[in-house]
Every structure is written in structure tokens, then in C-alpha cells.
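Engineer: Listed here are the chains, written in short residue letters.
2 protein chains.
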Amino acid sequence: MESKDLGHHISQQYNAELEDIRNKVLTMGGLVEQQLVDATKALVEGDSRLGETAITGDVKVNALEVAIDEECSQILARRQPTASDLRLVVAIIKTITDLERIGDEAEKIGHLAVHLAGMEGNKQHFTAISNISEHVQGMVHDTLDAFARLDVDLAVSVAKRDNNVDEKYNGITRQLITYMMEDPRSITRSLDVMWAARALERIGDHAKNICEYVIYLVQGKDVRHTTIEQLEKAARRNN
Amino acid sequence: MESKDLGHHISQQYNAELEDIRNKVLTMGGLVEQQLVDATKALVEGDSRLGETAITGDVKVNALEVAIDEECSQILARRQPTASDLRLVVAIIKTITDLERIGDEAEKIGHLAVHLAGMEGNKQHFTAISNISEHVQGMVHDTLDAFARLDVDLAVSVAKRDNNVDEKYNGITRQLITYMMEDPRSITRSLDVMWAARALERIGDHAKNICEYVIYLVQGKDVRHTTIEQLEKAARRNN
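Just so you know, the sequences run in chain order A and B.
Reminder that position 88 of the first sequence reads as 88 in this note's numbering, one-by-one numbering, no gaps.
Reminder that position 203 of the second sequence reads as 203 in this note's numbering, one-by-one numbering, no gaps.
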């Protein structure tokens, strides 16, 4: 299925409605992406004002989720979509839930940034956080790209990158545990860094979920709870 | 809307299909509930075999999620439901995502239980875990009950109970931090207990999400991202 195939309805109005929810999802995705960029920058640079921006950014994201959900329900009721249109609407209903939860995690990182900005202490772990957060930001960006272009190959490659996030996360955790053992006074601070790493790891999971919905949307095949190999096999069917 | 109103279609087959997905959701919920009971019992009693049961239990839950999703798509395509039937299908699509993630968190607790069962150390924090887990199990149980009986009042009361879970979780975290500072050798072990508490806290969030879908399903009003007061107001409209 190509992106242009979505504009195949005789009813111009129906085309416009489908196009509109797709665009709203991308707007929501853009907001979430910015929220994530702000939150991690706030954390790494100790910028509590930027942390606040990431926190308040969540209100718009939540409002968009509710609006898109409502529009999806209306399209289901009035247009009674079938085949790829139906898959689009169902995929969007699921995608926005994960986007909203990425926003929640970014909000949490914002709170941690504000909290950590007010604390004295070693900043050595921020390099590791910086590294995992760039990786996760890249995943979220490419996930939205895969959704916008209905690009199954990109969706598969992003889903695969989630393993790297898990490895990086485990590395950070091990490092922080060592650090806490060496200097118990750093425990509160280290735990905050750990929660931030955890939030980033979960954002990677949510991005992967969205990639699976993109594959479902394009191929009509549910690839959740399958291995990366099965996922690639499903993608190849398209080519 | 009463539960019996769902059986209002002239097509017996359509009625049977709606009844069937509702039942499958309850079956899935029952499995998740058992998985959670097993996982927390395994954790508190140091029973690694029961921990394994909770881990492997996730396979069935995942399979049911995919099957129910497929059935929902088929109903949307073939029956083109409107009004309360449409809300039922949309609410189910969302509910099973949260149920599946409750299963994931229970699986994590299962892994932690297996890990902790092999470790020496103080079991004093298990009382606190036992307490929060009973609370969360009660929430999950009543959430499924609210879904089964389309009971908005119960859904509101369960959603309210999520605040208690958050309080209990914060209490456990504070306690564990103190403990880690006093005895740095306990850090690894304490972190495992903390992750388990975190998983339980998240399960509370997912239960609350499902309660919000029940309110949406019955009242046709989206109550996500609103306050408990607004939620109660929405519920009162029903009476």
C-alpha cells in the first residue's frame, strides 16, 4: 500500500477526513518528539526551565489524543471503512495511545530534570544518558517517518534498534549500581538518573509498538509478539 | 446502557459475536489476574517455580490479545457497528492493550521473583510489597468486574484507588532508599524489590486506564486526562 492509495475515495470529504487524522497523528508525534528533546536536554544540561517546558507540553499531547480518538470513532461510525482504511483507523487508535505514553515518559524525565537541576553532585552519568537519549530520539523520529511514508522497511529497522536501547539501558544500570555502592550518598541522585534511563528505555518500547502497527497497517499482518526474524519476513512479503 | 442491551440485534449471529469478544476479554483478564497473583506470591514467598509459571503465562495472554484484535477488526469491517456497539469494540481494542501490558509487568515481577529467590538477604520489605500487591490485585479484579457488569460506579471507585497505590509505592521507595544507604551491600537486592514495586504501580495505572474505557463505553464520554471530580461527575450523569 502506498501513501497515495489513501486518496482513492470518490468522496472527497472522506479522503480529506482520512488525511486529516493522519496529519493530526503527525502533529501529535511532532509535539511528543519536541517534548522528548526538551526533557533530555533539560536533564543533561541541568536546565530546570526547559524541564518545565517538557512537563507542560504534555497537556497539548493529551488533548490531541482525545481529539484524534473522537475523530476515529466518527469515521468508523459514519464512513464504515473496510480493508486498508479500516486498518489505518485501527492503527491510529493504537498509535496515539503509545504516543501519549511517550509523552508521559518525557514528562517524567522533565520532572527528574527539574529535581536533579537543584542537586549537587557528579554529572558523569549524563554522558551515558545523553547517548541513550540520542538513540531513542532517533527511533521516535524514524518511527514517525515510517508512519508518514508507510515505510515498512524503515519500521522493521527501527523495531530492531530497540535491542540496542535495552543493552544501553542495562549498561547504565550496572554502572549506576557500582557508583551507588561506592558512594552511598549518591543513591538518591543515582536513582533519579536510573528512572530517567528507564523512561527512555520504555520510550524505545513504545516506538517499537508503533512500528509494529505500521507493519500491520501496510501488510495487514499482526506482527506483535513475534521475533525480529518473523518481522523481517513479514516486511519482505511487501517487496 | 445495561449489559443486557448488548443483546438487542435482530441478527442472532451479530449478538453472538459481540458476546464472544466480551467473553474473550474476560478470559484474557482472568489469565492476567492469575499471572499477577502467581508473580507476587512467587516474589513474597521466594518460590521460583511459581515465578516461572507467571513468566510462561504471558504467552497465552499475548495470543489472546492478537485473536481479540483480529475479531474486533472483523466485526468493524463486516458489521459496521455504530453507537454503543462501536464504543464497545473501540473500548475492547484499548482494554486488551492495557491487559496485555499488565501481563508484561506480571512477567517482569515473575523474573524478579526468580532472581530474588536465589539471593540471600533481608525479607523485611516483602511485607510492604505484599501490601501494595494485594491492593493492586484488588484493583485488577474489580476492574474486570466493572467491565463485565458495565458498572460505572465501580469503575470510578477503582480509578480513585490508584492514588493509594501511588502513595504506597512512594512509601516503599523511600523505605528502600534508607535501607540502601544503611547497607550498600543490599543495593542490588533492594533495587529488585523497587522494580517489583514499580511494576505494581504501573499495573495500577493500567487498571485505571481500563476503568476509564468502561466509563467511555457506558457514558460515551472520554474521561481520560480529567480529574477524579470530573470523572465522578461523568458517572453521576448515568444515575
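Just so you know, the hints here were simulated from the structure itself, not pulled from any lab data.
Possibly wrong hints are sitting among the right ones.
Remember, identical chains collapse to one label, so a pair may be satisfied in a single copy or spanning two.
Claimed, not checked - No farther apart than 25 Å at their CA atoms in a straight line, the calculated lysine-lysine pairs in the DSS-like style are these:
| no. | residue 1 | residue 2 |
| --- | --- | --- |
| 1 | K24 | K94 |
| 2 | K123 | K94 |
| 3 | K60 | K221 |
| 4 | K221 | K41 |
| 5 | K221 | K123 |
| 6 | K108 | K233 |
| 7 | K94 | K60 |
| 8 | K123 | K160 |
| 9 | K233 | K123 |
| 10 | K233 | K41 |
| 11 | K41 | K123 |
| 12 | K233 | K160 |
| 13 | K108 | K94 |
| 14 | K221 | K108 |
| 15 | K24 | K123 |
| 16 | K60 | K123 |
| 17 | K123 | K108 |
| 18 | K160 | K221 |
| 19 | K60 | K233 |
| 20 | K24 | K233 |
| 21 | K94 | K41 |
| 22 | K108 | K41 |
Engineer: Are the hints correct? Go through all of them and say.
Structural biologist: To see whether the hints hold, each was checked on the structure:
no. : hint         : verdict
1   : K24 to K94   : both (14 Å within a copy, 19 Å between copies)
2   : K123 to K94  : neither (38 Å within a copy, 40 Å between copies)
3   : K60 to K221  : between (32 Å within a copy, 19 Å between copies)
4   : K221 to K41  : neither (37 Å within a copy, 37 Å between copies)
5   : K221 to K123 : neither (45 Å within a copy, 46 Å between copies)
6   : K108 to K233 : neither (36 Å within a copy, 28 Å between copies)
7   : K94 to K60   : both (18 Å within a copy, 21 Å between copies)
8   : K123 to K160 : neither (30 Å within a copy, 39 Å between copies)
9   : K233 to K123 : neither (43 Å within a copy, 47 Å between copies)
10  : K233 to K41  : neither (37 Å within a copy, 39 Å between copies)
11  : K41 to K123  : within (14 Å within a copy, 39 Å between copies)
12  : K233 to K160 : within (13 Å within a copy, 45 Å between copies)
13  : K108 to K94  : both (22 Å within a copy, 23 Å between copies)
14  : K221 to K108 : neither (33 Å within a copy, 27 Å between copies)
15  : K24 to K123  : neither (38 Å within a copy, 50 Å between copies)
16  : K60 to K123  : neither (32 Å within a copy, 44 Å between copies)
17  : K123 to K108 : within (19 Å within a copy, 30 Å between copies)
18  : K160 to K221 : within (18 Å within a copy, 38 Å between copies)
19  : K60 to K233  : between (38 Å within a copy, 23 Å between copies)
20  : K24 to K233  : neither (31 Å within a copy, 29 Å between copies)
21  : K94 to K41   : neither (28 Å within a copy, 32 Å between copies)
22  : K108 to K41  : within (13 Å within a copy, 30 Å between copies)
The structure fails hints 2, 4, 5, 6, 8, 9, 10, 14, 15, 16, 20, 21 (numbered hints given earlier, in ascending order).
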